[in-house]
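With the sequences and hints as input, model every part of the structure.
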Amino acid sequence: MVAAASGEAPRKTRHGLSVGAWREALQCYAFISPWVIGFLWLTLYPFFSSLYYSFTDYHVTAPAQWVGLENFRYMFLRDSIFWKSLWNTLYYVGLSVPLRVLFGLLLAVLLNQKIPAMSVFRTLYYLPSITPTVAASIVWLWLLKGDWGLINTALRGIGIKGPAWLADPAWAKPALILMSLWGVGGAMVIYLAGLQGIPRELYEAGEIDGTSALQGFWHITIPMLSPVIFFNLIMNVIGAFQVFTQAYVMTQGGPANATRFYMLRLYEQAFSAFSMGLASAMAWFLFLLMLVFTLIQFKYIGGRVHYEVETRR
Amino acid sequence: MAESRAISLPDQTQHRVKGGLHSKSRGQQLRTALALLILLAGLALVMGPYLWMVSTSFKTDRQVFVRPPVWIPNPIRWANYPEAWEWGKLGLATMNTLIIAVGSLVGTLLSSSLVAYGFARLRAPGRDIIFSILLATMMLPGVVTMIPVFLIFSKLRWVNTFRPLIVPAYFGSAFNIFLLRQFFLTIPVELEDAAIIDGAGRLRIWATMFIPLSIPALATIAIFSFMHSWNDFMGPLIYLTDVNKYPIALAMSRFLQQYGAEWTLLMAASVTATFPLVVLFFLAQRTFIQGIVTTGLAGR
Numbered sequence: 050m051v052a053a054a055s056g057e058a059p060r061k062t063r064h065g066l067s068v069g070a071w072r073e074a075l076q077c078y079a080f081i082s083p084w085v086i087g088f089l090w091l092t093l094y095p096f097f098s099s100l101y102y103s104f105t106d107y108h109v110t111a112p113a114q115w116v117g118l119e120n121f122r123y124m125f126l127r128d129s130i131f132w133k134s135l136w137n138t139l140y141y142v143g144l145s146v147p148l149r150v151l152f153g154l155l156l157a158v159l160l161n162q163k164i165p166a167m168s169v170f171r172t173l174y175y176l177p178s179i180t181p182t183v184a185a186s187i188v189w190l191w192l193l194k195g196d197w198g199l200i201n202t203a204l205r206g207i208g209i210k211g212p213a214w215l216a217d218p219a220w221a222k223p224a225l226i227l228m229s230l231w232g233v234g235g236a237m238v239i240y241l242a243g244l245q246g247i248p249r250e251l252y253e254a255g256e257i258d259g260t261s262a263l264q265g266f267w268h269i270t271i272p273m274l275s276p277v278i279f280f281n282l283i284m285n286v287i288g289a290f291q292v293f294t295q296a297y298v299m300t301q302g303g304p305a306n307a308t309r310f311y312m313l314r315l316y317e318q319a320f321s322a323f324s325m326g327l328a329s330a331m332a333w334f335l336f337l338l339m340l341v342f343t344l345i346q347f348k349y350i351g352g353r354v355h356y357e358v359e360t361r362r
Numbered sequence: 611m612a613e614s615r616a617i618s619l620p621d622q623t624q625h626r627v628k629g630g631l632h633s634k635s636r637g638q639q640l641r642t643a644l645a646l647l648i649l650l651a652g653l654a655l656v657m658g659p660y661l662w663m664v665s666t667s668f669k670t671d672r673q674v675f676v677r678p679p680v681w682i683p684n685p686i687r688w689a690n691y692p693e694a695w696e697w698g699k700l701g702l703a704t705m706n707t708l709i710i711a712v713g714s715l716v717g718t719l720l721s722s723s724l725v726a727y728g729f730a731r732l733r734a735p736g737r738d739i740i741f742s743i744l745l746a747t748m749m750l751p752g753v754v755t756m757i758p759v760f761l762i763f764s765k766l767r768w769v770n771t772f773r774p775l776i777v778p779a780y781f782g783s784a785f786n787i788f789l790l791r792q793f794f795l796t797i798p799v800e801l802e803d804a805a806i807i808d809g810a811g812r813l814r815i816w817a818t819m820f821i822p823l824s825i826p827a828l829a830t831i832a833i834f835s836f837m838h839s840w841n842d843f844m845g846p847l848i849y850l851t852d853v854n855k856y857p858i859a860l861a862m863s864r865f866l867q868q869y870g871a872e873w874t875l876l877m878a879a880s881v882t883a884t885f886p887l888v889v890l891f892f893l894a895q896r897t898f899i900q901g902i903v904t905t906g907l908a909g910r
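Chains as they are written, first to last, in the numbering used here: chain L, 50 to 362; chain U, 611 to 910.
Among these hints, one or two may not hold up.
As the list claims (entries may be wrong) - Cβ pair distances, simulated, as ranges: (1) U/A654 with L/L151: 14 to 24 angstroms; (2) L/Y140 with U/V889: 33 to 43 angstroms; (3) U/I821 with L/R249: 31 to 41 angstroms; (4) L/S67 with U/V712: 39 to 49 angstroms; (5) L/D217 with U/L745: 38 to 48 angstroms; (6) L/Y140 with U/A654: 26 to 36 angstroms; (7) U/L745 with L/Y349: 19 to 29 angstroms; (8) L/L340 with U/R636: 46 to 56 angstroms; (9) U/A654 with L/L139: 31 to 41 angstroms; (10) U/Q639 with L/I345: 43 to 53 angstroms.
Derived from the structure by calculation, the hints contain no laboratory data. Every residue gets a Cβ at the ideal spot worked out from N, C-alpha and C, and that includes glycine.
Dropping the structure here:
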């Protein structure tokens, strides 16, 4: 890869590297040392110590006490809100992620057509995704007001009586999912770039063979785009599992715990109740859950992803 | 402004029409018309909240609840903005956000580019193993390390300072290191060899050759780092207790808790928090889009 930096004679040291190579190695370690120190201090040590804390009773003021599986027992058997928050989160992940992928893809395909003022459309569709989450939360809180919010006013205009949204336990999660779709423009840009990387010849070849547009979409667009879709899916799932800010700002977990997502519950255990042991146990459970979900996706979806073999030189 | 600065991806979009062989067929026209119709309808849904936010931010309290909804405020109440700024301490919050954002931006650019240079250009035993560990950490969700990191910083008495939000950036971020390393690998080795023969040290090569050559990549990272600081909610929420140290996201949330019914002021505050990012987007649109595409990360 890189030519050795030295013009020195290849004197070998005891360890088989020349003096020049040793010098280069030391320089390399010096350059990468910020990350290595940061990794040891702020990733590796915390990673294992949170595993340790998950088996302890630790309330910050007193030293951690080993309690074995007590935190997990409490979580699984006695904390009813734990299951509720897990269900809320799975509901959110299960609906928000597929819908985001679907709408992002749909939007990208539409914006990939030859239509007037295309770039204006793209820009406007993209804008919501750069809105700060807290600002978006406040705006949507206002839009989603049950009696006089803009959304229900519009629904009333077409003869539908809208639900109370964030005030109704049955509609609070769908409301947040709806809001998450607003920011779908970010994914749209990624898909759009992917679409433009698909060689036109593929469609032309299909055209000659008499494929319809829909067949072209299914047999050319989707396979060619699958690596991008898959990556997006994985990252979206990981992000959606950690949904927090919207719920904290808009509903504080209510009504009737309908939006008490896993991260919100974890935050409360850690920073309101200061049960660091219990919160660490929750963090590790979530981590393992996300790991399982990611592996499942790799196994059942990753196998269908079409990676183009680079043959050009 | 819109047309020339609007999103234009590299590449020949104009030709990317399925059915290029009979490009003006009737079916084609019908499809375009249908696409346009759907896009226009969708646009109303996407821009509605935006326009409603801006519109409400200029209304008087009396106009807020008028039905049917009024989109163009009359009279226009500019005073919502100074009031929101004063009540929500948004000026102070903006300053705090800028301190955090610039502090961590400098840190991440410096450290990530140094580390990336080491990985891209210098050979050492174990380097590739360390690099694969770095790649693995990108998949590690922050929730697993959050609590011990909080405990570390609170033992250092860094709680209620900006340090927990800035200092970690000086150890490089895996994602940025990866991005810069890929970029550095495309810089020809010959350039560097010539400098080495002239007696330049590694640090000087990094500073005078790699940094200037990778400005586009650094700009992408800078923008994303800035956006992250501007947006970050949970970090400040955990570490900052003094209201006077709140960054914009936290100040907005507090404002909502205190003045939850003052919708005109809340919307003015939301516009204030959104506006700088929209301006940033229009100023650096190319870098923005390039960044999203190369990182594959779409934000929220």
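Taking the hints in turn, this is what the structure says about them:
Taken as a hint, the range 14 to 24 angstroms holds for the pair U/A654 and L/L151, whose Cβ atoms sit roughly 20 angstroms apart. Roughly 37 angstroms separates the CB atoms of L/Y140 and U/V889, a value that falls within the hinted 33 to 43 angstroms. Between U/I821 and L/R249 the C-beta distance comes to about 38 angstroms, which sits within the given range of 31 to 41 angstroms. Checked against the hint of 39 to 49 angstroms, the C-beta distance between L/S67 and U/V712 comes to roughly 43 angstroms, which is consistent with it.
Roughly 44 angstroms separates the CB atoms of L/D217 and U/L745, a value that falls within the hinted 38 to 48 angstroms. Between L/Y140 and U/A654 the C-beta distance comes to about 28 angstroms, which sits within the given range of 26 to 36 angstroms. Taking 19 to 29 angstroms as the suggested C-beta distance range, the pair U/L745 and L/Y349 conforms, at roughly 23 angstroms. Range check, L/L340 to U/R636: about 52 angstroms between beta-carbon atoms, so the 46 to 56 angstroms window is met.
Between U/A654 and L/L139 the beta carbons are some 32 angstroms apart, a value that agrees with the proposed interval 31 to 41 angstroms. In this structure the hint that U/Q639 and L/I345 lie 43 to 53 angstroms apart at CB holds, the actual value being about 44 angstroms.
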